[in-house]
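In order, the protein sequence lines correspond to chains F and H. Numbering-wise, the numbering used here puts 376 at position 79 of the first sequence, and it's gapless, one number per residue. Numbering-wise, the numbering used here puts 28 at position 27 of the second sequence, and it's gapless, one number per residue.
Listed below are the simulated DSS-like cross-link pairs for lysine-lysine, each with C-alpha atoms no more than 30 angstroms apart in a straight line: (1) F:Lys307 / H:Lys128; (2) F:Lys439 / F:Lys360; (3) F:Lys439 / H:Lys25; (4) F:Lys439 / H:Lys82; (5) F:Lys356 / F:Lys439; (6) H:Lys25 / H:Lys82.
In case anyone wonders, no lab produced these hints; they're calculated from the structure.
The residues making up each chain are set out below.
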Amino acid sequence: MNFFLVSLLKIAIVFAVFMSTLAYLQWIERKVLGHIQSRTGPLRVGPHGLLQPTADVIKLLTKEDLLPPFVNRFFYLLAPFIAVSLSLIAISIIPFGPEINIFGVRTYMQISDLNVGILFVLAISSISVYGVALAGWSSNNKYSLLGSLRSSAQMISYELTLTLAIVSPLLLNNHLSFREISDSQAGFYLGFIPRWNIFQMPFPQIFAFLFFMIAGFAETNRVPFDLPEAENELVAGFHTEYSSMKFACFFMSEYANMVTITCVATLLFLGGWHPLLPGVIANLVGPVVFLLVAAVLFYHALQPARKRDRFTFPIFGLAFLVLAIIFAIPPFWPVLTPLFWFVSKVGILLFVYIWVRGTLPRFRYDQLMHFAWTFLFPCALVNLLATAFFVAVFGK
Amino acid sequence: MDTVLFIIFATVAVVCAFNLVLQKHPISSALSLIGVMGSLAVLYLLLGAEFIAMAQVIVYGGAVMVLFVFVIMLLNAGSEKSSSKSWFANVAGIPLLLAFVALLGFLIRSVLPPMRAVEFGSWVGGKAEQIGQMLFTEYLLPFEVVSVLILIAILGAVVLAQKEID
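Construct the complete structure from the given sequences, taking the supplied hints into account.
Next up, the structure:
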């Protein structure tokens, strides 16, 4: 009974946090892209556009739901459902922290721990192609069909590299469960170099990390590999014919895939929730970062660029001050410190995703395939062989 | 709980298998086949073979069927048109099928030795570790032979594609 109750609670918390992350990830993306391109990004709805996600959700929910004529009805309705449910399901096996003890209940910061967790993620990602493929095919539109064909080919090609990049850290860790992979990256070399897989002896996985990230960009259909929805060639790619909530499903699944793949990258290569710095300093990084943010906000409140900044900046500054105080209380450290490190690593990787979108142009389709098969795949293969060789010769 | 899940997913598998044959459009058939693969993966999970279940989804549900769907879309295959039915297939089809299934069941029962009933979750040999051990010790030769076979198939595909391009 207790198990079911705790699981339900965990599912509720993870779902709520995940959904609001998805909504605000889009706000962050628009803000960051705006500042990269010397714009301000969303600004009108709420202070600094902070209520923009709510407005977007209301807009998408209340828009007319069109069902175009001549579509294959069943598959047309099934495709967004497949896309969104598969991309939301993968978060259920991601651990956000170690075993914790809240009010005498010992539990893992994870919905469920599969001992084949990494294979589960691969299985989900290999099936999620169908959402895109069916959407394009059932829409009865040549742009949609071209987009979905491109997407299927791209996902199949990059999945190989993705899998090879995943296998090499597994050789170092000898586990398939995310929690155990993360736990075998705990500790430090020489007292200050973390034993994360990108630093792990005998063969640091820095190249595997790069291959994983590149393949991850292709798997999530993000710039520079967003050929399936290249708007100047294909209108909007596979979701051209979708409107209202059905379009929002595809949109949401893209962001959910992004979060999942950055979580997996963090757990496989960046040590999961294990901190960058040794000892008690790791606990203090969080409060210091929040204090700095609060200080910057207060400083800007003193010299407001606009009238309302005098009012909004101190409020956000106070919020960050409260966060800093909460993160600085030692009894909360066992829960909050791992969470802080995990979330900040995932956040940095997500920022890289957005940064790349603001920086790099789109590939041409033949370049994309050429890159995958003649460069990325052989490199990942060589990296795997080298890892296997070093693990066999020097042991763990 | 296990029995309920087994009944649900066994039913789904059988219904999908029938649907696979009855559907007129190739894409519908392909998706029914994915349903069969997925429910089989759940049955493997019920038996305690997590690794096999995931491999089933990745290899069959993912790789193989994506290729099928991809080819169907690329060729833009339309609905299947039934040819003028022969009276023999109409009359004798179902009785012959039933006879065949009965014969097959009888042969399996008489040839195979009697076995214990399956208990859900009692088997513990399905972990990745045990399967790896078995593959690289007891079944090393078949494993290597299969890998060579697959290599030959890949080379064959490359050679055929080369001719097409030139």
